[in-house]
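Using the sequences provided together with the hints, build the complete structure.
4 protein chains.
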Amino acid sequence: MDMAFDMNEAVASRARQAADPDSNVGGIAVDRLRSVIERVERLEEERKALAGDIKDIFAEAKSAGFDVPTLKNIIRLRKKEPSEIEEQETLLDIYRRALGM
Amino acid sequence: MDMAFDMNEAVASRARQAADPDSNVGGIAVDRLRSVIERVERLEEERKALAGDIKDIFAEAKSAGFDVPTLKNIIRLRKKEPSEIEEQETLLDIYRRALGM
Amino acid sequence: MDMAFDMNEAVASRARQAADPDSNVGGIAVDRLRSVIERVERLEEERKALAGDIKDIFAEAKSAGFDVPTLKNIIRLRKKEPSEIEEQETLLDIYRRALGM
Amino acid sequence: MDMAFDMNEAVASRARQAADPDSNVGGIAVDRLRSVIERVERLEEERKALAGDIKDIFAEAKSAGFDVPTLKNIIRLRKKEPSEIEEQETLLDIYRRALGM
DNA sequence: CAAGAATTATGAACCC
DNA sequence: GGGTTCATAATTCTTG
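Residue numbers (our numbering), protein chains in the order written: chain U, 12 to 112; chain R, 12 to 112; chain L, 12 to 112; chain S, 12 to 112.
No wet-lab data here; the hints were simulated from the structure. Hints are supplied without guarantee of correctness; some may be wrong.
Said to hold, decoys possible - The calculated lysine to aspartate or glutamate pairs, modelled on EDC-like cross-linking and capped at a C-alpha distance of 20 angstroms, are: (1) R:91 to S:100; (2) R:73 to S:67; (3) R:66 to R:78; (4) R:90 to U:55; (5) U:59 to U:49; (6) R:91 to U:100; (7) S:83 to S:97; (8) S:90 to L:57; (9) L:91 to L:104; (10) R:83 to R:95; (11) U:91 to L:78; (12) R:83 to R:67; (13) S:83 to L:49; (14) S:91 to R:100; (15) U:73 to L:100; (16) S:90 to L:95; (17) U:73 to R:52; (18) S:66 to L:49; (19) S:73 to S:57; (20) R:66 to R:49; (21) U:66 to U:56; (22) R:66 to U:49; (23) S:73 to L:42; (24) L:83 to L:64; (25) R:83 to R:97; (26) L:83 to U:78; (27) U:83 to L:56; (28) S:91 to S:104; (29) S:83 to S:67; (30) L:83 to L:95; (31) U:83 to U:97; (32) R:83 to S:100; (33) R:59 to U:57; (34) R:83 to U:42.
Quick caveat: nothing in here was measured; it's all calculated off a predicted structure.
See the structure below:
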C-alpha cells in the first residue's frame, strides 16, 4: 500500500506545492512573498484608517468655525524649528520688499 | 474694596486669558484649537511610523531578493476586482496590437 | 488566376492592415490612435524642455546668491490675489497668537 | 551746488532706489530678482498652456471612444525600452503565478 | 549607488 | 454629477 505512494511521488509533490504555502513556485519563496504582501497590506489599512481619523478631526474643526487650510498651515509650521521659520520669513520679507509686494 | 475688583476686571480678565488655556484669544477658542492641532499631530505621528514600517518591510524584501516595484505592482493589483484587472489588460493588449507593440 | 485573388482575400486584407496605418486593427482606428499618442508625446517633450529651462534659471539664480525656496515662495504668492494673501496671513497670525507661537 | 550732492547723498540714494528698478533694496539686486521671477513665470505659463493642450487631446480621444487610462498606459510604455517592459512583465507574471492570481 | 528631496501624475474630496 | 482643487503616491533627480 505505501509503495503506491512512491510511484506517484512526483505528482504528489506537485500537488503538495499547490496546497502548501511554504513551497517554492517558479523559484519564488511563496510563503515569504505572501508574508511581505500581507504585512504591507495590513499596515496600509491602518494608515488609511488614520487618514480617515484626521479627516474627521478637520471636519469637526471646520464645523466649529476653524479655517482648515490655516490649521494645516499651523501644523506645518510646528514641524519646523522656530529659527528656521524666522529665517524663511525674514528672507521672504526681504524679497517682497525688494519687489514692492 | 470690592470696587477695586470691578475697576480692574478688564485687566484681570486679560491676565487670566494669558494664563488660562481655556480662554479665548482674539476670538479663538484656544483650548479647542490646541486640541484639534495636537490630535492631528498625534495621528500624523502614527501615520509616519506606519510608513516607516512599510518601508522597512520593502527593504527586507529587497534583501531577500524580491523586486520591490513588482511587489508594489502586485499590491496595487490586489486592490482591484479581478474583472477590472482583466478588462484593463485586455484593452491594453488591443491598443498594443493596434500599434504593433 | 483570378480565383487566387478571392482565395487569399482574407490574408491579403490582413497584409494591407499591417502596412496601412489608416486601417482598423481589432476595431481600433489605428491612425487616430497613433495621432493621439504622438501629439501627446510631442507636447510632453515641450513640457519637459520648459521644465529644464526653469530648472536652469533657478540654478543660475542660486549661483547669483538667491535663495531658491524663497524665490518659489514668491512666485507662489504672486499667483494669488493680494486680498487673498492678506486674508490668509491675518488668519495665520490670529491662530499663531492664540497658540503663543 | 556740487556740495548738495554730498549732503544729501544718503537720502538721494534711497530715493533713486525707490524709483530705479536696477537698484539694490536691502542688499538684493532687484532687477535680477525681477528677471528671474518673470522668466520663470513666463515659462510656467507656457507649461500650463501645454498641459491644457494635452488635456484637450485626451478629452477629444475620450469622445472618439478611446480609453484614456489605457492611452496613458501606452504612452508610459513607449518611454521604456522593450527589454525593460519584457523584464517587468515577466517578473510580474512569476509573482502572480506564485500567488495564484 | 543609495537615500533624500522635489516634482509630477493619479486619485479622492469638496463645492457648485 | 461634473469640474476643480487638494492629497497622496510614484517617479525622478540630486546629493552624500
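Now for the hints, and whether the structure bears them out:
1. R:91 to S:100: With a Cα-Cα distance of about 18 angstroms, the restraint between residue 91 (chain R) and residue 100 (chain S) holds, given a limit of 20 angstroms.
2. R:73 to S:67: 41 angstroms, violated
3. R:66 to R:78: Answer holds: residue 66 (chain R) to residue 78 (chain R) is near 14 angstroms, not above 20 angstroms.
4. R:90 to U:55: 11 angstroms, holds
5. U:59 to U:49: Holds - the C-alpha atoms of residue 49 (chain U) and residue 59 (chain U) are around 15 angstroms apart, at most 20 angstroms.
6. R:91 to U:100: Since the Cα atoms of residue 91 (chain R) and residue 100 (chain U) sit roughly 46 angstroms apart, the hinted pair is violated (cutoff 20 angstroms).
7. S:83 to S:97: Satisfied, since the Cα-Cα distance of roughly 18 angstroms is no more than 20 angstroms.
8. S:90 to L:57: Holds - the C-alpha atoms of residue 57 (chain L) and residue 90 (chain S) are around 15 angstroms apart, at most 20 angstroms.
9. L:91 to L:104: Measuring from Cα to Cα gives roughly 18 angstroms; hence the hint holds.
10. R:83 to R:95: Given pair residue 83 (chain R), residue 95 (chain R) holds - Cα atoms ~18 angstroms apart, limit 20 angstroms.
11. U:91 to L:78: 18 angstroms, holds
12. R:83 to R:67: Distance ~14 angstroms between residue 83 (chain R) and residue 67 (chain R) Cα, so the pair holds.
13. S:83 to L:49: The given pair, whose Cα atoms are some 12 angstroms apart, holds under the 20 angstroms limit.
14. S:91 to R:100: 18 angstroms, holds
15. U:73 to L:100: OK: residue 73 (chain U) and residue 100 (chain L) at ~18 angstroms, within 20 angstroms.
16. S:90 to L:95: 41 angstroms, violated
17. U:73 to R:52: 17 angstroms, holds
18. S:66 to L:49: 14 angstroms, holds
19. S:73 to S:57: 24 angstroms, violated
20. R:66 to R:49: 26 angstroms, violated
21. U:66 to U:56: 15 angstroms, holds
22. R:66 to U:49: At roughly 14 angstroms apart (the allowed maximum being 20 angstroms), residue 49 (chain U) and residue 66 (chain R) satisfy the hint.
23. S:73 to L:42: Given that 20 angstroms is the threshold and the Cα spacing comes to 15 angstroms, the pair holds.
24. L:83 to L:64: 15 angstroms, holds
25. R:83 to R:97: 18 angstroms, holds
26. L:83 to U:78: 25 angstroms, violated
27. U:83 to L:56: 36 angstroms, violated
28. S:91 to S:104: 18 angstroms, holds
29. S:83 to S:67: 14 angstroms, holds
30. L:83 to L:95: 18 angstroms, holds
31. U:83 to U:97: 18 angstroms, holds
32. R:83 to S:100: 13 angstroms, holds
33. R:59 to U:57: 11 angstroms, holds
34. R:83 to U:42: 17 angstroms, holds
Checked against the numbered hints listed earlier, the structure breaks hints 2, 6, 16, 19, 20, 26 and 27; every other hint is satisfied.
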